[in-house]
Each structure stands twice: as structure tokens, then as C-alpha cells.
Amino acid sequence: AAARAEQALVRDAARAIAGASWQRCQPSDPPGWSALLELSVYLGLFAAAFGAATLLPMQSEAALVALLLADLQPAWALLLVASLGNVLGSLLNWLIGRSIERWRNVRWFPASAAQLERARSSYARWGYWSLLLSWAPLIGDPLTLVAGMMREPLWRFLLLVTLAKGGRYLILAAVVAGWF
Numbered sequence: 005a006a007a008r009a010e011q012a013l014v015r016d017a018a019r020a021i022a023g024a025s026w027q028r029c030q031p032s033d034p035p036g037w038s039a040l041l042e043l044s045v046y047l048g049l050f051a052a053a054f055g056a057a058t059l060l061p062m063q064s065e066a067a068l069v070a071l072l073l074a075d076l077q078p079a080w081a082l083l084l085v086a087s088l089g090n091v092l093g094s095l096l097n098w099l100i101g102r103s104i105e106r107w108r109n110v111r112w113f114p115a116s117a118a119q120l121e122r123a124r125s126s127y128a129r130w131g132y133w134s135l136l137l138s139w140a141p142l143i144g145d146p147l148t149l150v151a152g153m154m155r156e157p158l159w160r161f162l163l164l165v166t167l168a169k170g171g172r173y174l175i176l177a178a179v180v181a182g183w184f
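Under this note's numbering, think of the first position of the sequence shown as 5, with each following residue one higher.
Don't read these hints as lab results, they were simulated from the structure. These numbers come from a predicted model, not from an experiment. Ideal Cβ positions, reconstructed from N, Cα and C, are used throughout, including at glycine. Warning: the hint list may mix true and false statements.
Beta-carbon label-pair distances, calculated as ranges [unchecked claim]: (1) Leu47 with Arg106: 31 to 39 angstroms; (2) Glu105 with Pro141: 24 to 32 angstroms; (3) Arg106 with Leu174: 32 to 40 angstroms; (4) Tyr132 with Ala66: 28 to 36 angstroms; (5) Leu92 with Ala128: 20 to 28 angstroms; (6) Trp130 with Gly171: 17 to 25 angstroms.
Turn these sequences into a full structure, and let the hints steer you where they fit.
Printed below as a string of C-alpha cells:
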């Protein structure tokens, strides 16, 4: 009984965090208001996941966990949106990496030639399989940028990054749902 009460408390808190305001829509609200609020949940999760995959200091796991705990959207839809946002954010890093060479001699460039060479040699040593670590904090985002610098083929990049990032979200959802 205590465990059920605790689960209900956590679920209610998650719903408050996730913004479950569409449940309070009134008949006097404009047409489509509920759908717009529902869409905003998915757009917010997408933006958090996209930003977290770039070099910006963001994270998306808390948003996903809150939405999963709120249990107001299907888990598969939340996983799909988070994975898509995260993979597209990594694709942006890959694209930046592909064009980074033209900026390396500019004064404001954030990495030295030695740092770029160290990143290249590390990627060359571990190869494309290192992209399976693209989900990892601190190393994952720079790794996707270096993959672009190393001209990793797009199809292989997307395959490995999708497996890594989608797998991470799936494991997170499984832990939240108590499947383990």
C-alpha cells in the first residue's frame, strides 16, 4: 500500500512537471487547443533531445523521465520523438565536422591544430565502432563532430548513432517502467 501511494505521488508530480494542463481544457477553449498543448509536449521533448545532442551543455533525460512518469503520452511516441531529436542533433554535429576544416586557421577557432590531430588519431584508432559511444556524456557529442571531420559515411553514421542513442532512451524507459 505504501509503495502504491509512493508511485501515485511520483506520477502526480511528474504530471505536474510535464505540464498536463490539456486535461483541464474547457469547452470554451478555442478549437484545437488541446491538440496544440499535446503537440507542445512533443516539440519540447524534441527540442531538449536535439539540443542535448549538440555541443550545447544540455540534457534530455529528465524531460523524458518526467513525461514517462506522467504516463499521458504513449511511451513509444516519446521514445521516437526523443530519439529522432537526439539523432538529428548529432547529425548537425556531423555536418559541422564535415565543414570545420575551412575555419581552422581563423583566429577565433576553438581548437588548436594539435587538438584536431589528436581527435583524428583517436577516431582513426578506434574507428566507426566508437560511434556506439555517442550516447555517453562528455565524449558522445564531440565524437559525432569528429566523425564528420573524418568523413564517416552518412549511412553508417546514422545507423550507429541511432542504435546508440535510441538504445540509451529505450534502456532509460525500461528502468522507469520497472522492466528490470
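Fill in: Supplied distance hint 20 to 28 angstroms, evaluated on CB atoms of Leu92 and Ala128
holds (26 angstroms)
Worksheet item: Are Leu47 and Arg106 spaced within 31 to 39 angstroms by their CB atoms?
Response: At roughly 33 angstroms between Cβ atoms, Arg106 and Leu47 fall inside 31 to 39 angstroms, so the hint holds.
Fill in: Supplied distance hint 24 to 32 angstroms, evaluated on CB atoms of Glu105 and Pro141
holds (27 angstroms)
Discussion item. Does the beta carbon distance between Tyr132 and Ala66 stay inside 28 to 36 angstroms, or does it fall outside?
Written reply: With a Cβ separation near 30 angstroms, Tyr132 and Ala66 satisfy 28 to 36 angstroms, so the hint holds.
Worksheet item: Are Trp130 and Gly171 spaced within 17 to 25 angstroms by their CB atoms?
Response: At roughly 19 angstroms between Cβ atoms, Gly171 and Trp130 fall inside 17 to 25 angstroms, so the hint holds.
Worksheet item: How does the Cβ-Cβ distance of Arg106 and Leu174 compare with 32 to 40 angstroms: does it lie in that range?
Response: At roughly 38 angstroms between Cβ atoms, Leu174 and Arg106 fall inside 32 to 40 angstroms, so the hint holds.
Every hint, counting from the list given before, is met by this structure.
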